[in-house]
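K.L.:
Just need the whole structure built from these sequences, with the hints factored in.
Which chain is which? The protein sequence lines are A and B, in order. Each residue of the first sequence is one higher than the one before, starting from 1 at the first, in our numbering. Each residue of the second sequence is one higher than the one before, starting from 1 at the first, in our numbering.
To be clear, the hints were calculated from the coordinates, so they are not data collected in a lab. Only a predicted model underlies this, so the values are computations on that prediction, with no experimental measurement involved. Errors might be hidden in some of the hints.
[Unchecked claim] Subject to a maximum C-alpha distance of 27 Å in a straight line, what follows is the list of computed DSSO-like cross-link-like pairs (lysine-lysine):
1. B:Lys73 x A:Lys108
2. B:Lys174 x B:Lys2
3. A:Lys104 x B:Lys73
4. A:Lys104 x B:Lys174
[To be verified] FRET-style restraints, in silico, Cβ to Cβ:
5. A:Asn22 x B:Glu76: 26 to 34 Å
6. B:Glu164 x A:Gly98: 32 to 40 Å
7. B:Val135 x A:Ala121: 39 to 47 Å
Using N, Cα and C, we set each Cβ at its ideal position, and we do this for glycine too.
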Amino acid sequence: MTPDQHRQKAERIRQSTKKIDNSVYEMVIEGAYLSSIHWLNYTLHKMKVTVDAHDIVHTQHLSGMDRGKIDALMPEVLSAIDELETFRTRYVRGNIAGGLAAAKRALKLHDQVQSAAIDAAPFKQVVAE
Amino acid sequence: MKIANHLEKFERLHFARQSLDQTGDAELWFWTTVTAAMQAMNAGLHAVGCTEERDDFPTQIMGVYERLSDDEKTFERHALLPGDLHLGLAPLNPDSPEFIEMPPLNPPGNVSLGIPELKRPLPDELRIACKTVEVIEEVRHPSIRGTAPLTRELIVSCDQAYDELIGIIRGLVKAPQDDAP
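P.N.:
Printed below as a string of structure tokens:
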């Protein structure tokens, strides 16, 4: 997908998430996560780290080298998405207490990812496709 | 999780799903559908003894589960037999193709413990339920992660599959509130 396509999806998902009542914290977390993954791909394409045809689905499924590369270039984005993944395990698929607080935190993490994405600039070295 | 926990989550997700517009909120509507279906399916799998009811939760790594430590201060990860399944990762019906056929970014970067083996063969009702999940899952990659349009036809097909799944699961497990708010 192109960066613009990712951005459109990310923004629509974030808007849709506003319709979800906080009591359904699972979908607030999922909305924040899904939008953030589109922002991550937006960033990677914009920085010329990945080509448009190559989108990441899960950061935890990346090879060590790819994770290391992304961690070096945008540690705050990777860290935020990793934290969102822990929320999915504990509060969406699990029933650990504190889902409402986790949902609020998830939206903050999303906003951090979005800000970093909008500010991202092309990386000077274009890696192999 | 326990069956009651799955059902409690399912009911809230089922309700939230109705607050979203199928076209204007296509991505989150679909994602809520699949998240609710996951809860329902896990309740059904536990109810018939295909998977274990436990107090641990699936991570993105198939077969790896997370749970609270005994002192409830930290989280631990363990490789365990199938408990709750994460539908996007786990093909439930051995006769069906894997749900996720897309390779990871840089193969073989996907650390997998393999396809989980269920504790007993799927009963007929759940085989049908698995087919409904597949109908829904087939939409996830092209239309939600990708740019293929979520057409009216796909929406209807997801809706019908979801309704059929819920009917099957409600027949297998007694829901605490058959009429969700």
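K.L.:
Between the beta carbons of Val135 of chain B and Ala121 of chain A, is the distance compatible with 39 to 47 Å?
P.N.:
42 Å, holds
K.L.:
Between the alpha carbons of Lys104 of chain A and Lys73 of chain B, is the straight-line distance 27 Å or under?
P.N.:
21 Å, holds
K.L.:
Next pair to validate is Lys104 of chain A with Lys174 of chain B; report whether the Cα-Cα distance is within 27 Å.
P.N.:
Roughly 33 Å between the alpha carbons, so the hint for Lys104 of chain A and Lys174 of chain B is violated.
K.L.:
Please work out if Lys174 of chain B and Lys2 of chain B have their alpha carbons no farther apart than 27 Å.
P.N.:
With a Cα-Cα distance of about 13 Å, the restraint between Lys174 of chain B and Lys2 of chain B holds, given a limit of 27 Å.
K.L.:
Would the pair Lys73 of chain B and Lys108 of chain A pass a check requiring their Cα atoms to be no farther apart than 27 Å?
P.N.:
24 Å, holds
K.L.:
Range first: 26 to 34 Å. Now tell me if the beta carbons of Asn22 of chain A and Glu76 of chain B are that far apart.
P.N.:
29 Å, holds
K.L.:
So does Glu164 of chain B sit 32 to 40 Å from Gly98 of chain A, Cβ to Cβ?
P.N.:
34 Å, holds
In this structure, only the earlier hint numbered 4 is contradicted, and the remaining ones agree with it.
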